[in-house]
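Participant: Here is how the chains run, residue by residue.
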Amino acid sequence: MKNDVLEKDGMKKIDLQSLTLYIGAVAILIIFTVVCRLAGKNFLTFGNIQNVITQSSVIAVIAIGQSVVILTGGIDLSVGSTVGFVGILGGLLIKSGMPIGVVCLLLVVTGILIGACNGALISYGKIPAFIVTLGSLQIIRGVTMVLNSGKPISGFPEGLKAIMNTKIFGMPISILYVFILYAIMMTIMTKTRLGRWIYSIGGNAKAAKLAGVKTKKIEVYSYIISGIFAAIGGILLLSRLSYADPNAGSGYELDSIAAVVIGGIAMSGGKGNIGNTLVGALILGMLKCGLQILNVPVYFQTIIIGLAIITAVFFDKAKERRAE
Amino acid sequence: MKNDVLEKDGMKKIDLQSLTLYIGAVAILIIFTVVCRLAGKNFLTFGNIQNVITQSSVIAVIAIGQSVVILTGGIDLSVGSTVGFVGILGGLLIKSGMPIGVVCLLLVVTGILIGACNGALISYGKIPAFIVTLGSLQIIRGVTMVLNSGKPISGFPEGLKAIMNTKIFGMPISILYVFILYAIMMTIMTKTRLGRWIYSIGGNAKAAKLAGVKTKKIEVYSYIISGIFAAIGGILLLSRLSYADPNAGSGYELDSIAAVVIGGIAMSGGKGNIGNTLVGALILGMLKCGLQILNVPVYFQTIIIGLAIITAVFFDKAKERRAE
Amino acid sequence: MKENILEMKGISKSFYGVKVLNDAKLEVKPGEVHVLLGENGAGKSTLIKILSAAYKKECGIIKFNGECVEFKSPKEAIDNGISVIYQEFNLNPCVPIFENIYIGKEFTKNGLIDKKTAIKESKKYMDLIGLKVDPTVLVSELSVAQKQMVEIAKAISNDVKILVLDEPTAAITDKETAKLFEIINELKSDGVGIIYISHRMSELFEIGDRCTVMRDGEYVSTVNLNETDCDELTKLMVGRKVSFEKVENKYIKDEVVLEVKNLYYKNLIKDVSLKLRKGEILGIAGLVGAGRTELAKCIIGAYKTKRGSISLKGKTLKGNSIRESIDNGMVYLSEDRKDEGLILMHTVLDNVALPNLNRFGGLLLSKDKMKQVTQDFISKLKIKTHSPFYKVENLSGGNQQKVVIAKWLFSDSDIYIFDEPTRGIDVGARDEIYEIMRQLIEKGASIIMISSDLVEVLKMCDSVAVMKEGEIAAVLPNEDNLTQEDILSCALYGGNNDEE
Amino acid sequence: GCKDTTKDDSKSPTDDGSSNKQKEITIGFVPMTLNNEYFITMVNGAKQKAEELGIKLDVQAADQHASAAAQLTIVENMITSGVDGICIVPSSSEGLSTALTKCKEAGIPVINLDTKIDQSILDEVDFEVPFYGTDNYAGAKFAGAYVIENFEKGIETAILTGIEGQQNAADRRNGFFDAAGSHVNVVAEQSANWEVDQGYTATQNILSANPNIGLIFASNDGMAIGALRAVEEAGKKEDISIIGFDAISEALNMVEKGDMYGTVAQYPAEMGILGVENMVNIINGEDSQEYIDTGAKLITKENVEEHKKYCEQFAE
Ligand SMILES: Nc1ncnc2c1ncn2[C@@H]1O[C@H](COP(=O)(O)OP(=O)(O)OP(=O)(O)O)[C@@H](O)[C@H]1O
Ligand SMILES: Nc1ncnc2c1ncn2[C@@H]1O[C@H](COP(=O)(O)OP(=O)(O)OP(=O)(O)O)[C@@H](O)[C@H]1O
Ligand SMILES: [Mg+2]
Ligand SMILES: [Mg+2]
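Protein chains in written order, with this note's numbering: chain A, 1 to 324; chain B, 325 to 648; chain C, 649 to 1148; chain D, 1149 to 1464.
Derived by calculation from the structure, the hints in this document are not laboratory data. Certain hints may be false.
Restraint-style ranges between C-beta atoms, simulated for each label pair [unchecked claim]:
id, chain 1, residue 1, chain 2, residue 2, range
1, B, Gly479, A, Phe46, 52 to 62 Å
2, B, Phe639, D, Asn1451, 56 to 66 Å
3, A, Val26, C, Val717, 20 to 30 Å
4, D, Asn1451, B, Met422, 34 to 44 Å
5, C, Lys961, B, Phe639, 52 to 62 Å
6, B, Gly575, A, Leu44, 30 to 40 Å
7, A, Leu92, B, Leu429, 47 to 57 Å
8, A, Gly97, C, Tyr664, 56 to 66 Å
Derived pair list, reagent style DSS-like, types lysine-lysine, alpha-carbon separation capped at 25 Å [to be verified]:
id, chain 1, residue 1, chain 2, residue 2
9, B, Lys538, C, Lys966
10, D, Lys1301, A, Lys41
11, C, Lys1032, B, Lys643
12, B, Lys595, B, Lys515
13, C, Lys768, C, Lys720
14, C, Lys986, A, Lys126
15, B, Lys533, C, Lys961
16, B, Lys541, C, Lys986
17, B, Lys533, C, Lys768
18, D, Lys1384, D, Lys1301
Ideal Cβ placement from N, Cα and C applies to all residues, glycine included.
Modelling step: build the complete structure from the supplied sequences, incorporating the hints.
Facilitator: Have a look at this one:
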């Protein structure tokens, strides 16, 4: 009998937690639908659901990488400025006449390099992730400004816009990107060695090392992954706006972390489900969208979003509190 | 002989780390003095040293509270918006004719309340500190805006200015505040039960609990302390500018964390010396001041400060790397 | 004679400029169980960690199968068939057991993780050691003993040529130990070289073939275990004799100081009632998972109990607060020093002072007094540390345990609940600790001692409460005729005889 | 963005309209942010007009700093919520191409206020967007021209700029520099991120490096107020003239007291009013104006009183 209880407990814990999250997400959806209807507006329309996903897509993509880093017990504050950097660099390259495909590739490579620098300093240099990425946040932002003397870039060919603004089966293609990227990363995290090793570093790095996992290398990889997704996020944003702004992405570090934590990944690393990060990002997106549709003044929006973040996680932790 | 080395090691370990920090601080001082002199400007003047301290004082004070929270293994992202909130609330109260002393008291009480809410949600609600304070950052910022519909307040009586802009023995009084506040908090952290309990929670909360420490209560206290110092920081800023801006303090959360970590307190909590946080804050202040005196373009400033933060901590960790 | 499968020669290692290994030596033959013996802090674990490349050695050579080897990472060592169960657990609490067992050597199918096989294979090794838990249970849910068994399963699931066990039995009971020895014997017959570290003298003779004794980081000698006895080994190790006789307790009074009535906690503790008299040492024995630790934690107030009452010296506790218990003179020493007993990153002094801060001055604490008290305990318990300001994480396992004991001894309470107090402590130091426990009861304190070491239980306790599946099966008075077998049968089959 | 408003001549809320109130009209109004007085004034002007015309105004803005991404999201959500037209102050002149495309597709007219959308973007989207305002560049140029007239050549000057990379920050700095750069001697140029406290520290540091400074041009009044504190503290109030931008109420008080030399005023309330009024016309199919220059002016001691009076109407 005892074993029975434990069996359930061990396996289903994740699912139970996810359940709270899904219930929360659906609750928000229902609340907004009802309230909007009362206010004579539409929330739950096909078009608007698409909107929410498209609006959340950049954060959702960045949050994939952030999840990976947080799962190792780290943090990446440089994702926001990477988005800005990638935008300006990409803008300059496209303007110089390089084919868009090549530019995208180069930008992803840039993301890899940024991630590798962060990762190397953190894992081999033993500098806390918070410091390294706070530093690189500043450095990258500075370099972005220097790159085009602080000026934005616009006037891009249609091809760039097409990346993000195409429709496929009547749906914005961004939805497809988000789902594919999440599917890939969820597979990697649950079904491959790399993924399990990332989890093991967050859970107990020493144990992993003694068991033969090359923890330092894996840690670097996780920052590289974060760099890649930040770069992809930057490309998506660039394409969505068809405009490169050196300040783009500022504040995305906190937004992406919020998505990750609402999704239930512990800041201390080691446990959590990367798929739920998407739900976290969508919850944030829904809140923002719903409140704007209801024309709630912006400062009440901030307050409500703040409350919602806390409340969401509050319910998430109900079980832990009861366990005491 | 054997024992000798180790005894020193045990005792002096903290001091050794501090030493690196002090050397770093002095190195920056010397570099700026020399470079400024070459550029025909003055850095190491009595007046300018005063400037640096005054300029760093708000961050230095906030960083005291941040240190305490980080020592417990937490984080307080709401300090910046508390500064803004305290400014506007204080501004309104002063304008309503309340005596400045009473206002200051009320503002500190506000800080206590904010800290208590954060702390209670974190310790009794078991919600991660990052989420709670990210949420309260938004909520407080929103409330601040609502409070005076986003407008600044000005035209204060001279008495307010006097808090910060008086001179004492020819030195700005802010220097005195900073040193007194640090002295008090250093004593509390090293010489009192409360201080040791705070360290023990960061070191191993479970062990502390079994040793009879009321970990939850102490955790709440630590956020209250952070709230108090954020409020004091807000009062100092209000007095310094004699102007209440609802946006004041934005970004201070990251600056204060940077000061703490440069000062050598581990983000994971449990170890570090709160006095060094002051050095961390001064290093940041010196960098900013020196670069501005040299009239370095702001992009390069960001880059240099980013590099400096990473480098400072890099040297700090040299010993850890060698230990491998 | 067979060739040595492993030779370590001239190994030296220093930490922060202090030599902890000096020209150490170890030779292991295939198919032998080689015992490594030495006082706490002698350098046994360090030597092992050098073998597995967890630490870098300063000088010396390691010959494996006759060839000089130089492993650069733990991975290389594992790949070469060196498998280590470290003294301190190295498990990831956030993931299931099977993942911990197969970390770093995951099964894959088409490049993707094959969970099914891993679960099946883990189950096999867990059965072997007798761990009856589902492999998908999270490690964070396991007790210390169960974690130890996971470590064993993890080590034997490797393809081993050399298996190192650093105090594998410190946290488990005789039943599991027997299983472990079966496994060891099987590996032995496959020609695996086994290095075995333990402070439980009796089992060394049961399982070991040869024994290398170390002292202060240096090699002392290697003896054949069938040519020596316990006293001689003890002498080699600590330089004096240690007695295993029970001493009569003259301080026991009739006054009941602690009374537990009908305690329930989840389904782990069922209707437990207990009485502890003044001056009594009450042992609590039982198999792994019998709920001894849970019971102790319920009594001390760390767990919220559903039903039942606890009264101290006639005063009923409001309950569920550790602070209340401590204030009323009852303290608990955790079995899990790493997770619950110590703040590893803090100094010896900080750890000793933490529960006793009230006794170091009023508003401001006196560091001098703390230093003096800590210094006293360092010499009294022979804690091998270089100063009171040394970080606990840099002490050897046994010395860490002594720090845990010191911090509670100084609390000067009336009731001490010791959970596996001598876990990982060498014979010599055990004796000191027993002596201190006797001094405590002499001063009028009472002790509950939870221990899996029945030798120690029989030696120290006035009576033994045996637990089985969350209930107290029997309370056996420790009279001349009580044997380990009596306790064991009670733990296995319940106490159908007297009492209750 | 940012200034305070008022244009003395075109003071009257441009009437004509008098539009009918057949069906409820909702206009989306998107200032850059809502955390400074300039935009609050603009919104107040718009609100007053909306009330007068009996239409509904949905005001949305980015919370901290405006960005093209945040504005795109706002526009998308406004389209969903069914507004009839959108008045927008772009976070940058080139950043709205996607948002404009979406408005065009949804058939929602757009009026551009304050910061002009770049013609190339409008061409790209092929969308007609009226513009009412004076851009920052022009306003700053105005201040520069005034400096040439009133200060001796070669005066040591410091410039405080806004957040690097933001369009309005660049426009104000460039406007001033292009006009007066050859006349004054710019010895220091620092960004103080639009913030009072950073204006204060930057000025302190600039003063310790350059004790002979005679003029400070701050790209917004917040930084100018900070600069004034530092100047006062250094005891150089008599020697240094400070020019701010935005004409927020505290700056006007300081100009009145003679602490600050001047501040550039634009007319945000006017822009708000014109935006709403013309949007209603467009929605009702009536004529609307393609371009209105709402003008800018340097407020100094001479005209501050008048300007303050004008401002009061839009205070709340
Ligand atoms: N990481 C470390 N840093 C500093 N000193 C260390 C470290 N590890 C071990 N030591 C020191 O090395 C000495 C030997 O430790 P070791 O753990 O090898 O002892 P041991 O023989 O295993 O003892 P025990 O029986 O208590 O486990 C001890 O004095 C300990 O303080
Ligand atoms: N935190 C926990 N959550 C769930 N179950 C737990 C937890 N801690 C312990 N258990 C379970 O409670 C049961 C009894 O606990 P425990 O093994 O600590 O008792 P014990 O008699 O002290 O044994 P041991 O010899 O291991 O100390 C075990 O089966 C264990 O799996
Ligand atoms: Mg050991
Ligand atoms: Mg136990």
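Participant: So, for every hint listed, does it hold in this structure?
Facilitator: Hint check results:
At roughly 54 Å, the beta-carbon separation of Gly479/B and Phe46/A lies within the given 52 to 62 Å, and the hint holds. Remark: the range hint 56 to 66 Å for Phe639/B to Asn1451/D is upheld by a beta-carbon distance near 57 Å. Distance hint check: the CB atoms of Val26/A and Val717/C are about 59 Å apart, inconsistent with the given range 20 to 30 Å. Our hint of 34 to 44 Å for Asn1451/D and Met422/B holds, since their Cβ atoms are close to 36 Å apart.
The beta-carbon spacing between Lys961/C and Phe639/B, approximately 57 Å, falls within the hinted interval of 52 to 62 Å. Restraint check, Gly575/B to Leu44/A: a C-beta distance of roughly 38 Å satisfies the suggested window 30 to 40 Å. The hint said 47 to 57 Å for the Cβ distance between Leu92/A and Leu429/B, and at roughly 55 Å that hint holds. Roughly 60 Å separates the CB atoms of Gly97/A and Tyr664/C, a value that falls within the hinted 56 to 66 Å.
Under the criterion of a C-alpha separation no larger than 25 Å, the hint pairing Lys538/B with Lys966/C is consistent with the structure, at around 16 Å. Our distance criterion of 25 Å between C-alpha atoms is broken by Lys1301/D and Lys41/A, whose separation comes to about 61 Å. For the hint linking Lys1032/C to Lys643/B, the alpha-carbon distance of about 24 Å falls within 25 Å, and the restraint holds. Straight-line distance between C-alpha atoms of Lys595/B and Lys515/B comes to about 15 Å, which keeps the hinted pair within the 25 Å bound.
A hinted pair counts as satisfied when its Cα atoms are at most 25 Å apart, and Lys768/C with Lys720/C does not qualify at roughly 32 Å. For the hint linking Lys986/C to Lys126/A, the alpha-carbon distance of about 23 Å falls within 25 Å, and the restraint holds. Proximity of Lys533/B to Lys961/C is assessed by CA-CA distance (about 24 Å); at most 25 Å being required, the pair is judged to hold. Between Lys541/B and Lys986/C the CA atoms are separated by roughly 24 Å; this keeps the pair inside 25 Å, and the hint holds.
Taking the CA atoms of Lys533/B and Lys768/C, the gap is near 39 Å; set against the 25 Å cutoff, the hint is violated. A threshold of 25 Å between alpha carbons decides the hint, and for Lys1384/D with Lys1301/D the separation of about 20 Å falls inside it, so the pair holds.
Of the numbered hints listed earlier, those contradicted by the structure are 3, 10, 13, 17.
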